[in-house]
Structures are given as C-alpha cells and as structure tokens.
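*Asks:* As a plain string of letters, each chain reads:
Number of protein chains: 2
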Amino acid sequence: MLKVLKFGGTSVGTLDRIQNVAQIIKKIKDEGHDVIAIVSAMSGETNKLIEYAETYTKVPVAHEMDMLLSSGERVTSALLSIALNAIGYPATSMSGREAGIVTDASFMKARIQSIDTTNMKNAIKAGKVVIVAGFQGVTEQNRVTTLGRGGSDLTAVAIAGAIEADVCEIYTDVDGIYTTDPRIEPKAKKLEKISYDEMLELASLGAKVLQNRSVEMAKKLNVNLVSRSSFTPEVEGTLITKEENIMEKPLVSGIALDKNQVRVGMYGVTDKPGIAATIFTALANANINVDMIVQTVGVDGKTDLDFTIPTTDLEACKTVMNTFAQQARNIDYNDSICKVSVVGVGMKSHTGVASKAFTALAKENINIRIISTSEIKISMIVEEKYAELAVRSLHEAYDLDK
Amino acid sequence: MLKVLKFGGTSVGTLDRIQNVAQIIKKIKDEGHDVIAIVSAMSGETNKLIEYAETYTKVPVAHEMDMLLSSGERVTSALLSIALNAIGYPATSMSGREAGIVTDASFMKARIQSIDTTNMKNAIKAGKVVIVAGFQGVTEQNRVTTLGRGGSDLTAVAIAGAIEADVCEIYTDVDGIYTTDPRIEPKAKKLEKISYDEMLELASLGAKVLQNRSVEMAKKLNVNLVSRSSFTPEVEGTLITKEENIMEKPLVSGIALDKNQVRVGMYGVTDKPGIAATIFTALANANINVDMIVQTVGVDGKTDLDFTIPTTDLEACKTVMNTFAQQARNIDYNDSICKVSVVGVGMKSHTGVASKAFTALAKENINIRIISTSEIKISMIVEEKYAELAVRSLHEAYDLDK
Numbered sequence: 001m002l003k004v005l006k007f008g009g010t011s012v013g014t015l016d017r018i019q020n021v022a023q024i025i026k027k028i029k030d031e032g033h034d035v036i037a038i039v040s041a042m043s044g045e046t047n048k049l050i051e052y053a054e055t056y057t058k059v060p061v062a063h064e065m066d067m068l069l070s071s072g073e074r075v076t077s078a079l080l081s082i083a084l085n086a087i088g089y090p091a092t093s094m095s096g097r098e099a100g101i102v103t104d105a106s107f108m109k110a111r112i113q114s115i116d117t118t119n120m121k122n123a124i125k126a127g128k129v130v131i132v133a134g135f136q137g138v139t140e141q142n143r144v145t146t147l148g149r150g151g152s153d154l155t156a157v158a159i160a161g162a163i164e165a166d167v168c169e170i171y172t173d174v175d176g177i178y179t180t181d182p183r184i185e186p187k188a189k190k191l192e193k194i195s196y197d198e199m200l201e202l203a204s205l206g207a208k209v210l211q212n213r214s215v216e217m218a219k220k221l222n223v224n225l226v227s228r229s230s231f232t233p234e235v236e237g238t239l240i241t242k243e244e245n246i247m248e249k250p251l252v253s254g255i256a257l258d259k260n261q262v263r264v265g266m267y268g269v270t271d272k273p274g275i276a277a278t279i280f281t282a283l284a285n286a287n288i289n290v291d292m293i294v295q296t297v298g299v300d301g302k303t304d305l306d307f308t309i310p311t312t313d314l315e316a317c318k319t320v321m322n323t324f325a326q327q328a329r330n331i332d333y334n335d336s337i338c339k340v341s342v343v344g345v346g347m348k349s350h351t352g353v354a355s356k357a358f359t360a361l362a363k364e365n366i367n368i369r370i371i372s373t374s375e376i377k378i379s380m381i382v383e384e385k386y387a388e389l390a391v392r393s394l395h396e397a398y399d400l401d402k
Numbered sequence: 001m002l003k004v005l006k007f008g009g010t011s012v013g014t015l016d017r018i019q020n021v022a023q024i025i026k027k028i029k030d031e032g033h034d035v036i037a038i039v040s041a042m043s044g045e046t047n048k049l050i051e052y053a054e055t056y057t058k059v060p061v062a063h064e065m066d067m068l069l070s071s072g073e074r075v076t077s078a079l080l081s082i083a084l085n086a087i088g089y090p091a092t093s094m095s096g097r098e099a100g101i102v103t104d105a106s107f108m109k110a111r112i113q114s115i116d117t118t119n120m121k122n123a124i125k126a127g128k129v130v131i132v133a134g135f136q137g138v139t140e141q142n143r144v145t146t147l148g149r150g151g152s153d154l155t156a157v158a159i160a161g162a163i164e165a166d167v168c169e170i171y172t173d174v175d176g177i178y179t180t181d182p183r184i185e186p187k188a189k190k191l192e193k194i195s196y197d198e199m200l201e202l203a204s205l206g207a208k209v210l211q212n213r214s215v216e217m218a219k220k221l222n223v224n225l226v227s228r229s230s231f232t233p234e235v236e237g238t239l240i241t242k243e244e245n246i247m248e249k250p251l252v253s254g255i256a257l258d259k260n261q262v263r264v265g266m267y268g269v270t271d272k273p274g275i276a277a278t279i280f281t282a283l284a285n286a287n288i289n290v291d292m293i294v295q296t297v298g299v300d301g302k303t304d305l306d307f308t309i310p311t312t313d314l315e316a317c318k319t320v321m322n323t324f325a326q327q328a329r330n331i332d333y334n335d336s337i338c339k340v341s342v343v344g345v346g347m348k349s350h351t352g353v354a355s356k357a358f359t360a361l362a363k364e365n366i367n368i369r370i371i372s373t374s375e376i377k378i379s380m381i382v383e384e385k386y387a388e389l390a391v392r393s394l395h396e397a398y399d400l401d402k
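Line by line, the protein sequences give chains A and B. If you read the first sequence in the numbering used here, its first letter stands for residue 1, the second for the next number, and so on. If you read the second sequence in the numbering used here, its first letter stands for residue 1, the second for the next number, and so on.
There could be a bad hint or two in this list.
[What the hints assert, rightly or not] Taking lysine to any residue and the SDA-like style, the derived pairs with C-alpha atoms no more than 25 Å apart in a straight line are: (1) B:Lys-128 with A:Ala-105; (2) A:Lys-363 with A:Arg-329; (3) A:Lys-128 with B:Val-59; (4) B:Lys-125 with A:Arg-143; (5) A:Lys-26 with B:Gln-19; (6) A:Lys-220 with A:Ala-105; (7) A:Lys-26 with B:Asp-401; (8) A:Lys-26 with B:Lys-58; (9) A:Lys-27 with B:Tyr-52; (10) A:Lys-48 with B:Glu-45; (11) A:Lys-58 with B:Ile-50; (12) A:Lys-48 with B:Thr-10; (13) A:Lys-48 with B:Ser-43; (14) B:Lys-121 with A:Gln-141; (15) B:Lys-3 with B:Lys-302; (16) A:Lys-121 with B:Asn-142; (17) B:Lys-125 with A:Phe-107; (18) A:Lys-48 with B:Gln-19; (19) A:Lys-128 with B:Lys-125; (20) B:Lys-26 with A:Met-65; (21) A:Lys-128 with B:Asn-142; (22) A:Lys-58 with B:Gly-127; (23) A:Lys-29 with B:Gly-88; (24) A:Lys-128 with B:Thr-55; (25) A:Lys-48 with B:Arg-17; (26) A:Lys-128 with B:Tyr-52; (27) B:Lys-48 with A:Glu-51; (28) B:Lys-27 with A:Thr-55; (29) A:Lys-58 with B:Gly-88; (30) B:Lys-109 with A:Pro-90; (31) A:Lys-26 with B:Arg-329; (32) A:Lys-259 with A:Ser-374; (33) B:Lys-27 with A:Ser-374; (34) A:Lys-29 with B:Lys-58; (35) B:Lys-48 with A:Thr-10; (36) A:Lys-220 with A:Lys-128; (37) A:Lys-58 with A:Lys-128; (38) B:Lys-348 with B:Asn-212; (39) B:Lys-58 with A:Arg-143; (40) B:Lys-302 with B:Arg-329.
The hints are simulated quantities; they were obtained by calculation from the structure and are not laboratory data.
Let's have the full structure, built from the sequences with the hints guiding it.
*Replies:* Here it is in structure tokens:
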C-alpha cells in the first residue's frame with residue numbers, strides 16, 4: 001500500500017518525538033508499505049516566528065511572512081529525514097516546491113491548484129521514504145506560499161488525492177474520533193468509522209481533531225482519512241470515508257458541544273417585509289458567521305429574532321446591530337448558552353431521532369432555547385450550566401456507550 | 001551606485017540588530033543607491049540546527065543537512081524584508097534559488113557555478129531592496145545546497161561579480177582591517193586600502209575578518225570589497241581592491257600573528273634521496289597542512305627536518321610521523337611557538353625589508369627558529385612567550401603607528 005502520513009506540531013514537537021515518528025515510519029515500512037510523510041513545524045515554532053515579525057509591524061507583508069513561516073516545516077522535514085537515514089531507512093525531504101505543489105498567489109492563505117507528483121513517485125520508486133514540508137507550496141512564479149491554518153493536513157490530503165494513496169493517516173495527540181468529548185463523558189467510545197459528512201458536522205460543532213477544509217477536500221478527492229495518535233500508534237484510529245463504505249450506518253454517531261456561542265435576541269421588531277433580510281445581509285457583509293436563526297411573530301404584529309454567533313464575532317456583531325437599534329424594542333446578548341448537537345447519518349432514514357433528544361433533555365429539566373436541524377444533525381441551544389449534563393444525557397439516550 | 005551589502009550572523013543576531021541593519025540600508029537608499037543585501041542566519045541558529053541533527057547521528061546525510069541549515073538564512077532574509085517594508089522601504093527576500101544561484105551537488109560545501117541575475121535585476125528595477133538568503137544555492141536539479149563555512153560572504157562576492165556591482169561591503173562587528181590586532185598593539189591603525197594579495201596573506205596568517213575563499217573570489221571577479229562594521233556604520237571601512245588601484249603602495253601593510261602552530265622536528269634522518277618527499281607526501285595524503293619547512297644537512301651526512309603544522313592537525317600528524325620513527329634519531333613536537341608575519345606589497349620593489357625585521361627582533365633578544373618568505377610576506381617562527389612583544393616590535397620597526 002502507498003500510505004500518506006501526516007504528523008502535526010505536537011507529534012514532532014521535540015527531537016525525541018521526531019525520533020518516535022521515525023520509529024512509526026520504520027514499522028510501516030517493515031510491513032511492506034510505501035510512505036510519504038507530511039510534517040508540520042515543531043510546536044511553538046510558527047508562533048515564535050510570527051512574534052518575531054510582529055516586533056516590526058502588526059501587519060507584516062504577506063509574501064515575506066510566507067518566506068518566514070515556511071522555514072519551520074522545512075526544518076522538521078530535514079530532521080525527520082536525518083533521523084530515518086540514521087536508522088538505515090533511506091529518506092529524502094522535500095519542500096512544497098520539490099513535492100510539486102503549485103498554489104495561487106494568495107499569500108498566507110494560498111489554495112492548492114495542482115500537484116506534480118513526479119519527484120515523489122521517483123523517490124518512492126527508488127525505495128525512499130518521502131518527507132514533505134507541509135503547509136506550503138509555490139506560485140507559478142516559484143514564490144513560496146503558505147496554506148493558512150490547518151495547512152499541513154491539507155497538504156497531506158491533497159497529496160494523497162493526487163498520488164492516489166490507499167490511505168491518508170493524520171497523526172495527532174488524540175487517537176481518533178469519539179462519540180463525544182471523553183473529558184465530559186468518560187464512557188465515550190472511539191468510532192471505528194465515520195462518514196465525511198458526519199465528520200464535517202462534528203468538526204464545525206467543536207470537535208477539534210480535524211479541520212473542515214481538509215475533510216472537505218478528502219470528501220471531494222475521495223481520500224480515505226484516518227485520525228490516529230503518534231503517542232499510541234498501536235491503537236487503530238477512526239476511518240473517515242464515504243457513506244457507502246460504512247456498512248452499518250448508526251442512527252447517531254456522536255454528540256458535539258460548542259460553548260463559544262452567543263445568543264442574540266432582537267425583540268419587538270416592526271414586522272415589515274425584508275427587515276430580517278436587511279439585518280442578516282448587514283451581518284454577512286461584516287463577515288459575521290450567523291448560525292441558528294429563529295423568527296417568531298407575536299400577536300401584536302411585532303417580530304422577535306433570535307440567532308447565534310461565535311463569541312469571537314460578538315463585538316463586530318454589536319456594531320452592526322446598533323445601526324438597527326431604532327427598529328427594535330430591545331436587543332440583548334447572552335453568552336451563557338451553548339450548543340449541543342446530535343450527529344448521525346442514520347437520521348436520514350429514521351424518524352423519532354429528534355424527539356428522543358428532546359425527551360432526554362426534558363427529563364433533566366433542561367430547557368431548549370433554539371433548535372435547528374439538518375439531514376444528519378440536530379442542534380439545540382441550552383443554558384451553558386447544563387452543557388455537560390446535556391451531553392451525557394444525550395450520549396446515554398442514544399446508547400452511545402454500548 | 002549598485003551596492004551589494006553582506007551582514008553576518010552577529011550583525012543580524014537579534015531582532016534589534018536586524019532593525020539596525022534596516023536603518024543602515026534605509027540610509028544608503030536615501031543616498032540614492034540601489035541595494036542588494038545578503039544575510040547570514042542569526043548568530044547561534046546554525047549551530048543549534050547542527051546540534052539538533054547530531055542528536056540522531058554524528059554523520060547526518062549531507063543533502064538533508066543543507067535543507068536543514070538553509071532555513072536559518074531564509075528566516076533572517078524574511079525578517080529584514082519585513083522590517084524594511086515596515087519603515088516604508090519596499091523590499092523582497094529571495095532564497096538562493098530565487099536569486100538564481102546554481103551550484104554543483106557537493107552538499108554542505110557546494111561551489112557556485114552560475115548566477116542568473118534576472119530576478120534580482122527586475123526587483124531592483126521595480127525600486128525594491130533585494131534581500132538574499134546567504135550561504136545557499138540549488139543544484140541544476142533544484143535541490144538546495146549550502147556553501148560551507150564563510151558561505152554568505154561568498155554569496156555576496158559572487159553576486160557582486162555577476163551583477164557588476166560597484167562595491168561589495170562586508171559588515172561584521174569589526175570596522176576594517178588593521179595594521180595588526182589592536183588587542184595586542186593599541187597603536188594599530190585601520191588601513192584605508194589593501195590589495196587582495198595582502199589580504200589573502202593576512203587572512204591565512206590569522207586575521208579573522210574575511211575568509212580566503214571570498215577574497216580569492218573577489219580577486220578573480222575583480223570585486224571591490226569593503227570590510228566595515230554594522231555597529232559603527234558611520235566609520236568608513238577598509239577597501240580591499242587590486243594592487244593597481246592603490247596609489248601609494250606601503251612597504252608593509254600589517255603584522256599578523258598565528259599562535260595555532262606546532263613545530264615538528266625530525267632529527268638525524270639518514271639522507272637518502274627522496275626521504276623528504278616521501279614524508280611530505282604521506283602528510284599531504286592525510287590532509288595535513290604543512291606550512292614552513294627547513295631542511296638542514298649536518299656534517300655527519302644526517303638530515304634534520306623542521307616544519308610547522310596547525311595545532312588542529314597535531315594528532316593526525318603524530319600518526320603519520322610514527323610510521324617514519326625508525327628512520328630518524330628522534331622526532332619532537334613543540335606547540336610553544338608562534339608565527340609572526342610581516343605583509344606588504346611594497347616588499348616586491350624594496351630591499352632590506354627582511355633585515356629590518358630580523359634586527360627588530362634581535363634587539364629584543366627574540367630568537368627566530370624558522371624563516372620563510374614570499375614576494376609580499378616574511379614569516380618567522382619564534383617562542384610563543386615572545387608573541388606579543390614580537391608583534392609590537394615589528395609594528396614599531398615599520399612605523400605602522402604613524
């Protein structure tokens with residue numbers, strides 16, 4: 001098999017851990033597989049370089065930041081290659097350019113346009129382990145670019161897609177995707193498989209293991225992703241794959257919790273056509289990520305609008321909302337709430353999934369303030385003090401500990 | 001004027017010093033010059049990376065070391081470019097590859113083969129300061145290489161030659177070339193000009209400011225080199241140029257001292273033809289740098305051989321000499337000696353230069369053990385305890401303090 005492996009900043013955070021990664025690769029090579037490993041910068045390095053640049057200006061030139069930041073991954077790739085060669089496993093490091101990764105010229109947030117896999121294929125043919133510096137590519141003019149947050153995962157998925165690898169394993173410090181956060185519910189179980197869509201919902205709902213951009217790309221390129229840990233490489237991780245590859249589709253795969261939400265209430269709005277559209281357009285123009293929306297028309301002909309935004313957008317949201325202050329009786333902001341979500345592909349073909357959730361929360365006297373549903377997800381806004389209780393109740397209600 | 005500037009590790013050793021370098025460049029730009037600046041890694045960075053690699057093996061793969069080590073200069077070049085842009089001076093960093101530097105494939109000690117100056121010229125035309133990551137290039141296969149010790153100086157000189165710059169200024173922490181080491185003789189004077197050949201002699205005799213490889217290249221490419229300090233940029237440095245450019249040729253330019261010498265004596269060798277050749281061939285094959293040689297034939301038909309080697313080669317030298325032990329009465333090693341040298345292009349056309357040196361040392365009762373002369377140099381081996389006294393006597397004898 002041709003395996004693409006990706007090791008994040010924590011997995012290569014010290015010289016010892018890089019040595020450990022070399023051992024993981026050695027074992028996979030010994031099993032007869034070919035390996036392309038993508039590495040991040042040693043944890044802390046990228047932030048250090050950003051701090052350096054910011055001593056000169058808060059807004060450093062983007063194309064110079066990419067020259068600066070791309071060095072961290074180059075260092076790790078060379079060190080890992082040295083470590084592998086030292087234990088008798090021929091390896092060669094490659095920069096993004098050498099790995100054939102061409103991006104657009106959006107410095108600091110470039111998008112991969114194409115990958116010429118020739119160099120990598122030749123090195124594999126020559127029996128070498130290929131170590132690619134993640135997070136970077138070059139423009140058509142050969143200028144180094146970086147891919148933004150989560151860029152090394154993207155590098156791995158894109159390479160796995162381009163070279164048609166059998167699997168793309170993302171090594172972090174957690175050993176897979178769980179039915180819920182084990183710190184909240186110790187009975188949480190690691191999932192063997194999960195579909196791209198479920199993973200996308202879980203990721204956007206607060207599960208931090210994989211980022212949406214990489215999962216979306218894996219889905220698009222049909223790459224079998226595995227989430228596993230470099231600290232416990234003997235533990236099988238979780239396979240993220242297309243729905244058709246999952247034989248037994250579970251009703252519910254997991255419970256996600258997102259505490260970084262603010263509920264915005266705009267009460268007593270004169271219900272003239274288009275008012276909601278005007279408000280949400282203004283919020284969108286300010287790049288505010290509005291999530292759940294409920295509109296209620298009262299008997300007096302006035303409208304109440306309720307919606308949620310990420311906590312980080314709160315100040316920007318207040319600025320926009322103030323321009324509408326005249327048109328409402330009052331506007332309030334409540335950050336003592338959280339979003340609990342039930343995710344599962346099985347929901348598509350089953351009824352009664354939502355009512356089970358409502359019943360479970362009702363049994364614990366937890367009021368649901370806003371509800372929103374999609375084909376494979378039910379999200380509920382509840383008071384933040386009930387967050388953990390809500391997660392545990394739902395986890396039990398759907399028998400996720402079994 | 002088009003100026004090529006080179007800033008060494010100490011000159012860019014901290015974020016403040018990089019800021020200081022940006023100010024030096026700003027001033028030169030304000031005077032109406034175009035600037036290409038070559039930078040080293042921040043001092044300590046390269047050694048840190050070497051230590052990292054050596055945790056895995058004492059002999060890391062060379063082509064991976066180059067990937068590793070080249071990152072330090074990339075970081076500095078990006079930081080300096082960010083600092084310049086931040087104060088309103090458009091700048092662009094370039095890796096060795098972007099600067100068009102192609103080398104052979106001798107990793108860790110590559111030699112520059114060609115420089116395509118197109119990118120640099122275009123950036124200069126666009127009004128930008130070009131910041132080049134020193135010490136590195138790429139092979140024709142586009143694999144990063146490094147140039148070995150003193151590599152950033154070489155980058156600067158080679159670029160200055162290829163782009164026909166008016167001057168190549170090497171900024172370090174000393175402000176030029178002195179008639180002798182000012183720590184030994186406080187009356188030492190900074191030289192305004194010195195010829196390539198004198199500089200080469202001084203450098204090989206222990207003056208640490210510029211390395212021979214760069215001076216040789218400057219001579220070959222006819223590049224006007226200036227040695228000056230980034231800590232006192234207002235002080236004019238020393239111009240190293242061709243002899244024809246120096247109107248008043250001084251009799252003697254400087255006195256050099258090298259304490260890292262061992263005198264090897266091989267006494268009572270049976271004087272058969274070819275014995276000296278056999279010994280010195282064996283030493284050369286062991287990469288031992290033999291310097292001054294004196295052969296004396298005694299009345300008994302036995303030969304005494306005296307020569308000097310660098311202290312670092314002592315152990316290797318003993319190993320070789322032991323194989324000849326049978327052929328001599330005895331072999332001894334004396335590291336309590338030093339080499340004092342008088343350098344000056346004026347010697348070519350003057351007589352009596354050497355006798356002035358001998359007289360000066362004799363006046364202080366300093367015995368000369370070995371003498372060797374070249375067209376522009378007289379070197380003398382004396383007891384190490386007389387080192388400073390010898391330097392000061394010679395400095396005075398040739399009126400270098402005037």
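*Asks:* Given the hint that Lys-109 of chain B pairs with Pro-90 of chain A, test it: the Cα-Cα distance must not exceed 25 Å.
*Replies:* holds, 22 Å
*Asks:* Would you check the hint for Lys-26 of chain A and Arg-329 of chain B, treating anything up to 25 Å between C-alpha atoms as holding?
*Replies:* Between Lys-26 of chain A and Arg-329 of chain B the Cα gap is close to 58 Å, so the pair fails against 25 Å, i.e. violated.
*Asks:* Between Lys-48 of chain B and Thr-10 of chain A, does the CA-CA distance stay at or below 25 Å?
*Replies:* holds, 20 Å
*Asks:* Between the alpha carbons of Lys-48 of chain B and Glu-51 of chain A, is the straight-line distance 25 Å or under?
*Replies:* holds, 20 Å
*Asks:* Measure nothing beyond the straight line between the CA atoms of Lys-121 of chain A and Asn-142 of chain B; if it is 25 Å or shorter, mark the hint as holding.
*Replies:* holds, 17 Å
*Asks:* Hint check: Lys-29 of chain A vs Lys-58 of chain B, CA-CA at most 25 Å. Holds or violated?
*Replies:* Holds, at about 24 Å.
*Asks:* Run the distance test for Lys-259 of chain A versus Ser-374 of chain A: straight-line Cα separation, threshold 25 Å.
*Replies:* Holds: Lys-259 of chain A and Ser-374 of chain A sit about 20 Å apart, inside 25 Å.
*Asks:* Is the Cα-Cα distance between Lys-48 of chain A and Thr-10 of chain B 25 Å or less?
*Replies:* holds, 20 Å
*Asks:* Would you mind confirming whether the straight-line C-alpha gap from Lys-128 of chain A to Val-59 of chain B stays at or under 25 Å?
*Replies:* Between Lys-128 of chain A and Val-59 of chain B the Cα gap is close to 19 Å, so the pair holds against 25 Å.
*Asks:* Take the C-alpha atoms of Lys-125 of chain B and Phe-107 of chain A, compute the straight-line distance between them, and say whether it is at most 25 Å.
*Replies:* Since the Cα atoms of Lys-125 of chain B and Phe-107 of chain A sit roughly 23 Å apart, the hinted pair holds (cutoff 25 Å).
*Asks:* Would you check the hint for Lys-26 of chain B and Met-65 of chain A, treating anything up to 25 Å between C-alpha atoms as holding?
*Replies:* Given pair Lys-26 of chain B, Met-65 of chain A holds - Cα atoms ~21 Å apart, limit 25 Å.
*Asks:* Between Lys-220 of chain A and Lys-128 of chain A, does the CA-CA distance stay at or below 25 Å?
*Replies:* This hinted pair is violated, its Cα atoms lying about 29 Å apart.
Consistency with the previously given hints fails for numbers 2, 5, 7, 11, 15, 19, 23, 31, 33, 36, 37, 39, ordered from lowest to highest.
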